[in-house]
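Sequences are here, hints too, so could you generate the full structure?
Protein chains in written order, with this note's numbering: chain V, 1 to 102; chain Y, 103 to 758; chain C, 759 to 925; chain E, 926 to 1453; chain B, 1454 to 1943.
Note that these hints are calculated values from the structure, not bench results. Misleading hints may appear alongside valid ones.
[What the hints assert, rightly or not] Pair by pair, the computed Cβ-Cβ distance ranges are:
#1 E:Thr1377 with Y:Pro687: 42 to 50 Å
#2 B:Met1517 with E:Leu1137: 48 to 56 Å
#3 Y:Phe126 with E:Thr1377: 12 to 20 Å
#4 Y:Gln722 with V:Arg89: 23 to 31 Å
#5 Y:Leu387 with E:Phe1392: 19 to 27 Å
#6 E:Val956 with Y:Asp677: 54 to 62 Å
#7 C:Leu782 with B:Met1517: 26 to 34 Å
#8 E:Gly1115 with B:Asn1749: 44 to 52 Å
#9 B:Tyr1512 with C:Val826: 45 to 53 Å
#10 E:Phe1392 with Y:Pro104: 28 to 36 Å
#11 B:Tyr1512 with E:Val956: 49 to 57 Å
#12 E:Glu1363 with Y:Leu640: 43 to 51 Å
Note that beta-carbon positions come from the ideal geometry of N, C-alpha and C, so glycine has one too.
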Amino acid sequence: MSVIPVSWYLVLSAILFGLGVVAFVFKRNVITIFMSIELMLNAVNLAFVAFARAHNQLDGLVFVFFVIVVAAAEAAVGLAIVIMLAQHRQSLSVERENLLKF
Amino acid sequence: MPILDHLWIILALPLAGAAINGLFGKRWPQSAVNSVAVGSVTLAFLAVAELVREFTLLAPDQIPYVGRYFTWMVAGPFKVDFSLQVDQLTVVMLLTVSFVGMLIHIYSTGYMAHEGGYYRFFSYLNLFMFFMLTLVMAANLIVMFVGWEGVGLCSYLLIGFWFLKKSAADAGKKAFITTRVGDFGFTVGVLLVFATFGSIDFSAIFKAVAANPISEVTLTTICILLFTGAIGKSAQLPLYVWLPDAMEGPTPVSALIHAATMVTAGVYMVARMNPLFSRAPIAMLVVAIVGAVTAFYSATIGLVQTDIKKVLAYSTVSQLGYMFLACGVGSYAAGIFHLMTHAFFKGLLFLAAGSVIHAMGGEQDMMKMGGLRSKIPITYWTMFIATLAIAGIPGFAGFFSKDEILEAAKSGPNANLILWVLGVAGAALTSFYMFRLVFLTFFGKPRYDEHHIHVHESPKNMTIPLVILAIFSIFGGWFAAPKLIGGIDYFEKFLAPVFSMYAPPMAEPAHVLAESTASPEMELLKALTGVPVIVAVLGLLVAWWLYIKSPETPKRWAQSLRGLYLLLLNKYYVDEIYAALFVRPLLWLSTNVLWHGVDEGVIDGVVNGSARVARASGGQLRRLQSGNTRSYASWVLIGAIGFSVLLIALYVKVVH
Amino acid sequence: MILPLIIFSLCALLAVGGAVALILSREPIHSALALILVMVSLAVLYLLLGAPFVAAVQIIVYAGAIMVLFVFVIMLLNMEAEERTDFSKIAKFVGVPLGLVLIVWAAYWLAHSPAASAMGTGAAMEPSSTRELSKQLFRQYLFPFEATSILILIALLGALVMARKEE
Amino acid sequence: MVQQPVLLTVITFLPLLSVVALLLLRSDDHVWIRRIALAASLAEFAVSLLLLRGFDSSNAAYQYTEYHHWIGEAIHYHLGVDGISLFLVLLTTFLTPIAILCSWESIHENVKGFFISLLVIETALIGVFVSLDLFLFFVFWELTLIPMYFMIGMWGHERRIYAAVKFILYTMFGSILMLVAILWLYGLTGTFDLLDIQQSLRSGSLPHLTELLLFGAFFLAFAIKVPLFPLHTWLPDAHTEAPTAGSVILAGVMLKLGTYGILRFCVPLFPDAARQMAPLIGVLAIIGIVYGALVATVQTDLKRLVAYTSVSHLGFVVLGIFAFNSTAVQGAIYQMLNHGVSTGALFLGVGMLYDRRHTHDIKQFGGLATPMPVLMSFFLFIALSSLALPPLNGFIGEFMILIGTYLGHHVWASWAASGAVLSAIYLLWAYQRVAFGEVTVEKNRSLPDASTRERIILVTMALAILFMGVASPLFTRRMEASVDNVIQRVNPPENASRPTTIPCMGAPASVKTAEANAAAAIPAGGGQ
Amino acid sequence: MATGQLLNLHRVAPEFHLCITGILVMILDPFVGAARKRWLGWLAFAGTLFALVAVHGAYDSRGMAYDNLISTDVFSVFLHVIVIVAAALAILGSIDYLDKEGIQRGEYYALVLFAAAGMGILAGANELVTAFIGLEMSSISSYVLVGFRKRAAASNEASMKYFLLGSFATAFFLYGIAMVYGATGTTYIDKVQAALQAAPGIPALAIIGLGLMFVGLGFKVVIAPFQVYGPDVYEGAPTPVTTLLASAPKAATFALMLRVFYISYGSASEFWFWAICISAVLTMFIGNLAALVQTNVKRMLAYSSIAHAGYILVAFAASTSLGVAAVLFYLGAYVLMKVGAFLVVTHLGQQGETRLDVADYAGLGMKQPVLSVALSLFLLSLLGLPATAGFLGKFFAFEAALDAHSIHGVAIIWLVVIAAINSVIGAYYYLRVIISMYFAEPSKDYVPTAVAPALSVAILVAAAGTLYLGILPGAVYDFAKVAADSLPLH
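Take a look at the structure:
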């Protein structure tokens, strides 16, 4: 049914991954930076699915599940950390978090 | 043959004396110290006497008689035995050294009686005897070098005996270091000797040099290097500067070390190495020139000195010059002969001067003396005899020896008239300043405060050596006397084997003898023998006229010839020149360039600099960790892209 | 058949657009919504790739659960708009540009790498059966599956430790 | 030879054992700490003398060897002494009791730690001299650093920390490159065992560049230790700041590690490179001789002055080694021992002055001969031996070096000989400023003369100096065979029938080579 | 099938034990009173000991497990020992620390155990996604552990940074896996090797995948240019956590790195050799030079551990079996001395980690001789002084690298020389601490507190190990060689 070359999906995943990276470097707010990580993971997932399709295997899809689980776990811990920060600090801007340096 | 088989006894005696006095003398009474010191030296002298007796019994082929004791150094091909040897030359030196040494020891017991560190003095003195005897008995260059350096050490200790006086300590240091400069040459010379002959034993070297011809360049280099050592030790130009300062030491020391024995070591060494020197004409010429020039040069300085010991010091330098002149012109025997006579009369002069100083209560300036003739007759007479001897007045020891030297310079194997002229001029000056000394000291009116200074004759133990030496200053030269009337110079004949055994074929000392026996030459010889005598007498008369007849003339001349006078008075400013040329630049260089410049500046600069660079770069690198998460992410990103690009680049390189 | 092409391009545009919106919007909540948009459009693409089950999980777990969590936290902390400080020069002048470079670069290599282009449109199409998938998951990948349970336990603990107020 | 299979191990680790004993003592029980340390070191000396009994001087091979597997198959616990290391071991065991005795009263705080580090150094030093496995050697080599570092840093004087850090970093920089070289060598030969490596490295078996690099890496480490001219600046600081015992060990033994290493590793392992670099190194050595002497002359700090004299004296040793003939090399080894004794003694004297006046500044002294004649006379005696006055020890070594060097390189020897003049200048000048003249500083008038303890130390040193001055053959005869071995590797005699590999060559062979060297040398009198 | 799966369990027994103990701790936690919570620590410690025993069991029954996802070979066993020992020592170091800081909680120990389990998986994984799960297990729990001192702002911040950047790097790693999967159609490490060798030329995708995975792994082992976060996190984390972070995860991640680079990409070593070289040089210089100027001991040690990662990379660059052995030995030595050093710092930090400055250690040598000697030993070992583990680590590393110069030519010799020079630079800052302890005047205000038994046991073990590996490294090194040979290298 599909006529779309796998490489297109790959390019899309590359673009999304790149945008995720840009977002990580560009955003200042802890939680949005965290979101950009999620974005990157999604790009990875896309790549996995595309490759699975390309090789006509299921393993790729299995990996997606694992990735999603890990993402969920990270989300739980990450958001907990965010909340903790919010408890102890006023700002959630990473640029204001630099007690530790040099 | 008790002694000949145990040559070491001669050395052991004074060494033992030195050790005993050095270790226990501090607690002992002077008498004990005396008996140890004088006793050991006297025994040594007796041993030498016995040695001479046994020596005369030796067959010619047993000479030189060598005694090996133990191997001192061995490393690969290089092997040194501690070995002593006896031959005619050694005998002469041994007799002179031990005899004069003994007398001076006796004299010192009186002279030093009231000094602190009495035991120390005698311990040093004995130690000196030990090293000096080692020097003359050595059978190889290294053992000789032991004595050579050892006497230098003792002279350092004895000059600096009154070490509380800065001048004394300085003088001692100066003496040691200056001679060390000469020893540098000597050392290199020894190295070259070994490199050339593969041995440092005298006999081996001489055999080798006689057997197979060595390139003259090498020989000349060797001789000149060795002679450098002699220059240092025997205070010749340009290294004589230490000897006058050495007069800071006690007078007996000046007499023993800086007149009679140590300073003549150079002459002895040259004579000892005669087979080499005889084969290196250029070196011989150098020796002769240095000798002659020194003889004249230092005589000129002697003219104007007022310190009685300084005068004697310069005269010593000058007399040593004569000895080298003798060796230089190939008449080693004459050199050694003068060495011996000089030991007598110069030793005497110093002792007498010491007696004068003793009498004057330490005053050394002749301008503050005068008219002592009557007060200290023995000193006066002995000193006068010595003066006659050194001035070369016929009949006295100095006359014969000096005469032989000048004669050799004129008509010896390698005669040289210019040198002869220098020598004669020196002789004239010598007799002048010596009589000047005598007149200033013993004649005219007293120039000192007679109420404060009570002049008194020295005690027996000081005067007796004077008398003995005086006798030898008269008769010491008479071995050579027959020569004047066509007889044989017994002294020269006695030494002949030493200087002929390995002599190069052409230069037979024998033909000199032959020549001298021929009657027409004898006339000429007599005639020219007159010249030194004449100039000597002239010198005497001038001195008499200047310092007794019209005492104010010298001052007038000093005024009129102020420049020259000052030049002489300040010894040609040589010390100042050396200081300006060598000492100060070297110190400056070492301090500012080497130490602060190279060490602290360059090297440590690099070392600490690199440390500083490291810290600085660390200070920069730590800024990578700016604490800002976004920057960190950027670094990770840079790394990611960087490495991916790198890998892809390599990939592309490989694939395409 | 033009339909898949249209769907693909539409979703791709939406996804990229959402990603860009995520970056540009200053309100965290907007970013969150943008991210949800990306996820949904990706889910559609999964369908297009014949992975319906994955698509479902994407919607339910990802967009549904995780993002809700995000939104919840944002609301809980009622965050204000982020201030666009630029303390990090390197991020501004190197990081962001390099990120853009990365996009182009990775896209290029993924498009042109022989392996990828060799794949063409992938093998014959029929939607992957969930049974097969579960077999894979519970047989071959049993161990990592068990491991993930520990992982979730860790996450639980972590959330507990971090978020709990100091007593 | 008598086989005492554990003798070397005992000698090496006895001090460490006594460290354990010290650890058991209460750290404020100074008296017993001192006594036990002294007793241990004396016992150590006594035991080490046993080496002489069974030592076969005609045998060039290593003796008392011990060989056990250690790490993997490549690294062994391999000990042994030959004529080169024998006396360096004895020197170490001789100087340690002296060092302990001289810090009897001058060390007050943390006495325990002090003596422990002293004994640890002894073990490490001996280990360096006896180990025949490059790995083992390197382990001991590095182990010498830390205790010395503590010694300078904890018991040193004002600028001690700077000195300590400088000392350790300087040395480490060299030794770490040596480590790389050792590993590289292992890569080439597949073993760390010195003998096996020598077996497999015939002259010219290595690519030229490789050999040069390896030589360079080893030599750098040793040259820093020696220290050779441009690398010497750590020495004055280290010496000036170190406590007396530290200086004694540092100057007495530790500097010898460098020259020993050169002789044991650089030259025999990389003969071609050694021959090629010899001119450069010879020049550096000579610069060191003159330079050290000149800088020493103008020092105002007595201890610093002595430190610089070491630079000058060690220059002689290096020069002798790189003359590559039996005489010079034996002279070099002998000079190592002399320097150990003489300079060690000088530092002891300086230390005794420091104990009294707590300064090294020459201006603070002057006229000391009046209050303390005995101490000053010994000081003079030691100075004389250090300025190579015959018949004292310094002369022997220096002269052998000069003779040997001269056979090959006239100019070198002549320059080196000038060092003798300079040494007279700086030592006598310094001595005069310290001892002669009126007492200038009032404090000095009342200084006590040498105590019994100090007299014991000084007399011991003086006797050693005198003995080594007159009895040198007792030492050189035992070195000869081993030295000729080394020489042979560098310039194998043309008519050598058997391969120039190390183990077991009898005396006759070595004598033959000695003559060969002589034969080669004497015609060269004209210069080459 | 399922039975077969169960039979595999003993090959992952160490992880099993760790997890079970962790869960046990969690379950008991609510029922244990605040006063007795420290017993949970001992329980966790016991768990690690069980795990060690289990490791021995796993050693006896080596082989593949769970459809080749896990490969229980000697290599994995070696690293299990390292990881578990590190975790055990860290636990011992934590017990009293947590009391002191008033954060004695069961979760802490559970997290440590889970993290250890994750690292175990990481060390044994033969499949990338499995490895990824293990990586995440260790990472996520360490994010939490780093933030465990919630009252301390530094701790929060460190946790946040570590979390964000960690996930960031993980994403790269994951993308890399995707690429590998795309290029080869498999994620099994050994199958990837087969696929890459089968393929005519190694595909670009695989290379990019390697590059991206290198980011994730490099981040975990803290090598340049991914080291930036390291010092902050190490400084901010509670010191016992730093102890753990600096040791075990590094070892485990290096294990995965070895498997990926040496096995999967073993045929492509000429590609990644340069990457490793460059990274090694950067890492060593940044680590050492930046450490020179640190005054905070904890941070200084953090930089030093970066530098040591650099030395390990030198051995890594060898790309020979000897290189693997050297890396393994170095990891063992490194873990012991680093753990030891950090444990001493843990004690000296005092309540609230207030005394971390070099100056605070002034005169410690007199006040706490034993502790100072121990710290000196660890520092000298880190410095690389003979007769300590650190020296032999460097020794074997350099040896392996030089041994490989037939493969990589002169470049690797230079690499070794640079490493050598670096170790001299490093000497300076280690010695600075010793200077402060022994040569400086003691500071009056500080009154030494006794070292708690648990901690002192841990320190003694570390010290003994450091000396043992320094004097008799033979056995361990041989074991490391066996481990290296147990890998299906290219």
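Structure versus earlier hints, numbers of those that do not hold, lowest first: 5, 7
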